[in-house]
Amino acid sequence: MTAIIATKNLSKRYGNYAAVDDVSFSVHKGEVIGFVGLNGAGKSTTINMLLGFQHPSGGEVELFGERVTLPNAHHSHRRIGFATGDMSLFDGMTGAQYLRFVARSYGVSTNTELFKSLVTRFDPQLDKKLNTLSRGNKQKIALISAFMTEPELIILDEPSSGLDPLMQQHFIELVREASENGATIFMSSHYLNEVTDVCTRILLIKNGKLVKDIPTSDLETQAGKLVRVMTKERVTAPRAAEMVEAHKQTEGYVLEFIYKEKAIRLQEWLGTLPHLLDVTITDHSAEAAFEDLYQEEESENV
Amino acid sequence: MFNLFFKTLRDKRYFILGWAIGIGFLGFVMTSFFPSFSGGQIDGLLDSLPPALQGLVGDLQDWKELPGYIGSQVFDIRLPIFISILSILLAIGLTVGEEDKGQLRTLIALPVSRRKIILAKWFSIVIICFVASLAPIIGVEVGLLTIGESVDQMVLVRLGLFTWLLVTALASLIFAIGLSTGKRAITTGVAIILAIGSFLLSTFAQAVDWLEPYEKLSFFHYFPAVEIAHGTVEWGNAVFYGVVILVSLFIALLFFPRRDVKSV
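Chains A and B are the protein sequences, given in the same order. Just so we're aligned, residue 1 is where the first sequence starts under the working numbering, counting upward by one. Just so we're aligned, residue 303 is where the second sequence starts under the working numbering, counting upward by one.
Treat the hints as calculated values from the structure; they're not laboratory data. Errors might be hidden in some of the hints.
[Unchecked claim] List of simulated lysine-lysine pairs, DSSO-like, C-alpha gap at most 27 Å:
#	chain 1	residue 1	chain 2	residue 2
1	B	LYS564	A	LYS8
2	B	LYS564	A	LYS129
3	B	LYS403	A	LYS129
4	B	LYS564	A	LYS206
Model the full assembly from the supplied sequences, consistent with the hints where possible.
Quick look at the structure:
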């Protein structure tokens with residue numbers, strides 16, 4: 001099956017600085033990809049190369065099986081919806097005029113059920129000039145423009161950064177529905193709940209390099225248990241413990257860690273603890289696991 | 303492409319209106335002053351001006367008859383200044399201005415080729431320049447009606463067409479630099495040097511001997527408005543502007559589709 005997106009050894013250099021360094025991945029039909037990383041990791045630069053805004057210094061991008069070059073990038077744009085969190089819309093237009101302009105460029109009408117449902121869902125201010133709208137309201141219009149053409153591929157760069165929590169929820173539902181209808185979605189985001197809620201796969205980029213390519217389901221199963229024990233005396237965590245934190249409280253010593261090994265080993269370790277005062281074992285959520293992943297990257301950067 | 307073409311014209315509607323009114327008013331005011339200058343009563347005053355300043359007001363003989371007066375006082379000296387400013391603002395606004403705001407990237411994200419974006423914007427420039435060239439003609443016509451004078455319509459047609467060529471050529475050149483480089487500093491710098499340099503060269507070459515050989519470097523050298531008003535049209539001048547327009551368009555079509563577009 002031809003990949004919807006395929007990058008091979010994709011690189012972008014500015015002098016000696018590598019914004020994107022030898023990144024290779026494929027995205028197949030129906031996948032919802034969360035493209036994550038710290039600020040400056042290379043997410044937007046990668047997206048710019050996917051869409052033909054910037055040419056790669058090395059490697060290549062293929063969309064729908066066709067190699068993307070700057071002059072031919074528009075070929076695939078008809079099949080792509082695109083929005084960013086800071087999308088520059090055309091100031092002199094109203095929201096309605098902008099959306100009609102975009103629809104005409106795609107050769108579609110705004111008089112469709114999908115368009116009406118998007119307007120109902122986001123309730124944007126369509127009659128006001130875009131330069132008078134707040135960031136969140138502009139963002140709603142950008143998102144409608146990305147989804148209204150029923151694209152096969154939707155590329156989103158921090159798409160919900162200006163939205164309030166309610167609109168963010170609407171956005172997550174919209175992504176889910178588009179995915180159910182067969183669209184492929186590639187989105188960068190800083191919102192962990194967004195990524196773990198809707199994405200089927202997570203690509204983590206760090207310093208321009210792709211360092212993790214992991215299905216979200218694996219993240220959930222690999223998340224393990226969050227163990228919290230309180231003892232009268234200081235104890236050391238089991239060998240398999242991760243993300244260990246220890247501190248003293250008035251009642252005793254508290255030890256917290258993530259445990260991903262077999263439960264029996266944890267039970268054995270608990271049995272060895274002297275003067276155990278309290279123990280709680282909960283599921284470590286995928287969202288929390290993802291947060292740990294982020295923190296790992298951040299601490300390595302310091 | 304037509305979608306973008308009409309969008310650009312719509313975006314620039316107040317720009318066009320403002321400039322058309324301004325330039326039209328210039329044509330009207332200068333024409334309505336003609337009776338005050340044609341009588342010869344200020345000859346003595348003008349004769350007393352130093353040669354360098356006479357370069358700024360034109361040849362006195364041209365003031366005595368209407369075509370020469372319109373050619374020199376509306377089209378030869380004042381209009382190029384306004385036209386230059388219009389060209390710079392228009393071309394920079396449509397290129398690096400939109401790119402710096404991130405709007406060019408939004409356009410490129412649409413299923414429209416970069417070449418079509420160039421052509422749509424360039425056609426808009428041509429139309430806006432046409433309106434800007436028509437405005438002084440209308441202003442002059444209204445001025446002539448006000449003072450009860452008339453002039454051969456072909457004089458105004460020739461002057462209008464050459465003005466259109468001049469402004470389109472200048473705007474196309476700046477447009478090409480803006481789209482090809484994407485750099486505001488370079489585009490603005492070249493545009494200002496070109497416009498001010500041309501204006502200074504054309505104005506002072508008549509009085510400053512050492513400047514005379516360089517006068518041909520002026521962009522306005524190829525727009526001898528007084529001669530055009532008197533019926534002498536050198537087609538080589540029209541060809542010069544035509545070549546500038548076509549080469550500029552070619553450069554934009556060659557380089558813009560191959561360069562990175564800035565993100566905000």
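Hints and how they fare:
1. LYS564/B / LYS8/A: holds, 23 Å
2. LYS564/B / LYS129/A: holds, 25 Å
3. LYS403/B / LYS129/A: The hint holds at about 16 Å.
4. LYS564/B / LYS206/A: holds, 22 Å
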